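Given these sequences and hints, build the entire structure.
There are 2 protein chains.
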Amino acid sequence: MTSEHNATLSALRTVLRREGLDGFLIPRADEHLGEYVPKSAERLAFCSGFTGSAGLAIVLQDRAAIFSDGRYTLQLEAETDGAVWERLHSIETPPEAWLKSTAPGQRIGYDPWLISADGLQKFDGVEMVPVRRNPVDEIWTDRPAPPLAAAYPHPLDFAGEDAASKRERLAKSLTEAGQAAAVLTDPASLAWLFNIRGSDVAFTPIALGFGILKADGSAAIFMEPEKISGALREHLGNAVTVASRAELAPALARLAGETVRYDPASMPVWFKTALLEAGAKIAEAADPVALPRACKNATEQAGARAAHLRDGVAMVRFLAWFAKAAPLGQETEISAAEKLLAFRRLGQHFRDESFPAISGAGEHGAVIHYHASPESNRAIQPDEVYLIDSGAQYLDGTTDITRTLWTGPGPAPAAVQAHVTAVLAGTIALAQAVFPEGVAGAHLDVLARQALWRNGLDYDHGTGHGVGSYLSVHEGPAGISRAARPVPLKAGMILSDEPGFYLPGAYGIRLENLVLVQPADFGTQKRKFLQFETLTLVPFDRALIDPALLSPEALAWLNAYHAKVRDKLAPQLDEIADSETLAWLRAATAPM
Amino acid sequence: MTSEHNATLSALRTVLRREGLDGFLIPRADEHLGEYVPKSAERLAFCSGFTGSAGLAIVLQDRAAIFSDGRYTLQLEAETDGAVWERLHSIETPPEAWLKSTAPGQRIGYDPWLISADGLQKFDGVEMVPVRRNPVDEIWTDRPAPPLAAAYPHPLDFAGEDAASKRERLAKSLTEAGQAAAVLTDPASLAWLFNIRGSDVAFTPIALGFGILKADGSAAIFMEPEKISGALREHLGNAVTVASRAELAPALARLAGETVRYDPASMPVWFKTALLEAGAKIAEAADPVALPRACKNATEQAGARAAHLRDGVAMVRFLAWFAKAAPLGQETEISAAEKLLAFRRLGQHFRDESFPAISGAGEHGAVIHYHASPESNRAIQPDEVYLIDSGAQYLDGTTDITRTLWTGPGPAPAAVQAHVTAVLAGTIALAQAVFPEGVAGAHLDVLARQALWRNGLDYDHGTGHGVGSYLSVHEGPAGISRAARPVPLKAGMILSDEPGFYLPGAYGIRLENLVLVQPADFGTQKRKFLQFETLTLVPFDRALIDPALLSPEALAWLNAYHAKVRDKLAPQLDEIADSETLAWLRAATAPM
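In the order they appear, the protein sequences are chains A and B. So the numbering used here is basically just the index in the first sequence, starting at one, shifted up by 590. So the numbering used here is basically just the index in the second sequence, starting at one, shifted up by 590.
Read the hints as simulated data drawn from the structure, not as lab findings. You may find that some hints are simply not true.
Claimed, not checked - Here are the computed lysine to any residue pairs in the SDA-like style, where the Cα-Cα straight-line distance is at most 25 Å:
(1) B:Lys1116 with A:Ala770
(2) B:Lys1080 with B:Ala792
(3) A:Lys712 with B:Lys1116
(4) A:Lys1118 with B:Pro684
(5) A:Lys690 with B:Glu766
(6) A:Lys762 with B:Glu766
(7) A:Lys1118 with B:Glu766
(8) B:Lys1116 with A:His679
(9) B:Lys712 with A:Asp708
(10) B:Lys712 with A:Ala770
Unchecked claim - So the derived list for chain A, only partly shown, Cβ under 7 Å to chain B, looks like this:
(11) Val1024
(12) Asp1048
(13) Tyr1049
(14) Trp1174
All of these numbers come straight from a predicted model, not from anything done at the bench. Ideal Cβ positions, reconstructed from N, Cα and C, are used throughout, including at glycine.
Below is the structure:
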């Protein structure tokens, strides 16, 4: 690998010199700046070997650096060649700071499709030069073709609101804001707005493309024509034009003189440049789809409940199987994850996992984004902690659940129980929250952490993320984290509630349910309050819970939750065919 | 009043026409943009009659509007003439929006000493014209002279760090930030940095003035020479020059070519203009004194404890007196506040109240910023709720406490007890918080509100504000409020913990202690944790508490707190002279 990447960098440097550039940015990003990118956009992996989901390389003529965050420190060391790359922590050594001190006065190229306006602004003070064609593509001779999977309609039975109605209410909000049009660069926004889905990337059912929504309710989609069938064209209707990616620049040019909504935080800076060159005025504001998409309608909420019922059935089948299998020590991280996937495949409307399952035994559970590979895969052993974080894409809803299990057959140590119970107290405290409209996830995060903090413990990740409806398992704009932008929570949002605790080298704990924001009715009060409905229907492992460490209120919640799980799931199981699962479920949900 | 203010406006409009202005902004502000302003700066009150602490008037040739927030809606109506003034809510009708729609294309004057750069920026789109001399001063023939109270040294025994050391460490931070100098416009920053105090405004012991701190550790104070005695001059030392206000502009001009720190949020835009005109570069950043001032050193912390001990003695003498007097119905809001002040005056180092006491019986308690005037003053009646929010300036510390009392002699209704106990649960939950470094007050605010929110109740004010050390009772930069900038809490900060609940027309509840941020030691943990030490030493009124509504944990905190209050205060009281107070204290702090 080393010499190959060395040759790659040599070739890249030759191209850069020809273009009059002293260096070039290679972010892990595609033109939509999303989480999952197609193979054709894995330029960072091609150049460096690094396959993590967040990273940036800066290639200069005489040195090269690659940056990622703490999640990927070990992976970065393992996958890249230290003789070629300086491996740096992007928080401790921000790339822009490194560049300013390392290459003062140099001309640094960037691909304006692969960085946001805000992202580019961080490099203020450096001479940043946009390129017309990405130099990496010139040397990447076996670059995979961009995906061209067929897009398809998302039926009204699942979407709950037809696309014309969605366009109409968003167009109205544009008119009210004095905006003639809005640029859409997030494929999940196209998916929601036009009620379409696709298969261009793994785990998230989106069709890659761009869009323009106008204040008159008309819209344009820019997507390779191969992806649009006649049936889909009909589904889109007459108010929506469809054109190839090549038509995007001319379409933006036609917005000359208009005020166009553009989000500098999430959209490629290419759009900003194109709009300004066209003579359009830019109104900086978030993607207009983001908030409406996050607030699920009644149909989507019912779909989420139905999907979680099916997901709960798959999970309890898995847990019942695991309870028997784990003490025998014959299973591995990969075989267990495959078993769970097999149970999920039995569910109606199942399409895919919603992300690569995290199946971690013992010390692997402490690696927050662990993925069991054939090399890392290890046996799940008796009497240890096992963490499984997984989810599914069903046509009617997206799931995401984490449970931490004791493999047995012996009892769990009291110290482990204390850690798990502190995490569980956090999951429950957040689930019980009641709060007025206006409160954001950043303001509730403490509820999930207080039990840990009182013991001097914490976890280095957010408490919750938004979840789509048969869309991305990580969906904005709201989240539950101090670092998150304080987006007020609104009824209909689905969020994860997933505190954790990690003891490196020993074990990891995370307990995750999805919750749906619902109105809380206090009768005569004028102020509107909200609360959470827990969607996930899966017992917590009682072997890891010390009920004496829970407050009476939290214990009552737990017992009520387990009773609800039992009452919802038992009717879905067959007394004869599922007798073992049913017996396990009844024992697992008995009052503590 | 009406005709007088009408004549005032006529005279003002004449001046404006002469100056070629179509209108003029009159904020309730002085040149330091602080909370308490001297009488000489009460231009808004002079022009309109409105005496609230937050407001802005816009006088046009043919109409005039005055804006304040919800706290002052009633006062605005009462104090201003509706025939002359449009009285508007500054949140619902932002002044800048009103101006843009009411007076498009007009030239609006403003005094650049009375608005921050950020404040002015809100009026982008309006032709805003700075004036050299405030037109109000021209017509305000009997304008009071600006205060010229003598400034005086704040001894090292109270300050805990000498001024040279403070200048040195702040100068170092300027150097590290690449800043040659910092402008200081907050008199509390001068007070802290130079260990001086003054008497220019009510309640806050500051000397009005400006300053420049340089990266070499030298500094300049701009203050009328009458305020600086020879002894003070000596206290300031050779590295500090003192000059009159007239020298400020030339001093800024001498910063040509330098990078100068300036806070656009809190400092008059006059400084920005002067610096830019001088050819200085501006580094936008917070007042460098704000954070160091907030983190009290060991001497200040010890002073705060000593001041709270004295304040606790005064409060329990007051509460013991109140318990006997209130059921008789012979006292008034004003007489009770005067009684408390008389007890406080007995304490060593007492100098003043730290703000105008809020003494509200019954429905007056629901007016969050109520101030009993001779007109509003009413009898404190038997069997009602009474709220007293007050504080003191001692040389060694500033106090601020609110207690809500039941006057008796009958028992409090269960509904009132339920409200008070929910508020108390919030006070306690916040006091018990443990959190890692990096957490801000915005993230902890929910702890003080959860018990109320679960009942569909809330309060429309922040939960806590910073408190100075013999300085402002409202001190930045940290606060406990969702609206606050998320300034991470640091060891040594003193904050208030004051949830409330208000039933308009009936009663108000607020329970306020001051807390000191302290390290929390968990032994081997790497991450640093913080917790609160409660400084205030005063019992909560048990007549208003239903212990059955508190969690076992909260009740244990309350009983431990009361025991601590008794153990600390009893030795300060004389068994014979204070026998009634002692008896009351012992009963008031018995376990519940």
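Against the structure, the hints come out as follows:
no.	hint	result
1	B:Lys1116 with A:Ala770	violated (53 Å)
2	B:Lys1080 with B:Ala792	violated (29 Å)
3	A:Lys712 with B:Lys1116	violated (31 Å)
4	A:Lys1118 with B:Pro684	holds (24 Å)
5	A:Lys690 with B:Glu766	holds (17 Å)
6	A:Lys762 with B:Glu766	violated (50 Å)
7	A:Lys1118 with B:Glu766	violated (48 Å)
8	B:Lys1116 with A:His679	holds (20 Å)
9	B:Lys712 with A:Asp708	holds (23 Å)
10	B:Lys712 with A:Ala770	holds (24 Å)
11	Val1024	holds (5 Å)
12	Asp1048	holds (6 Å)
13	Tyr1049	violated (11 Å)
14	Trp1174	violated (34 Å)
The structure does not agree with the numbered hints 1, 2, 3, 6, 7, 13 and 14 stated previously, though it agrees with the rest.
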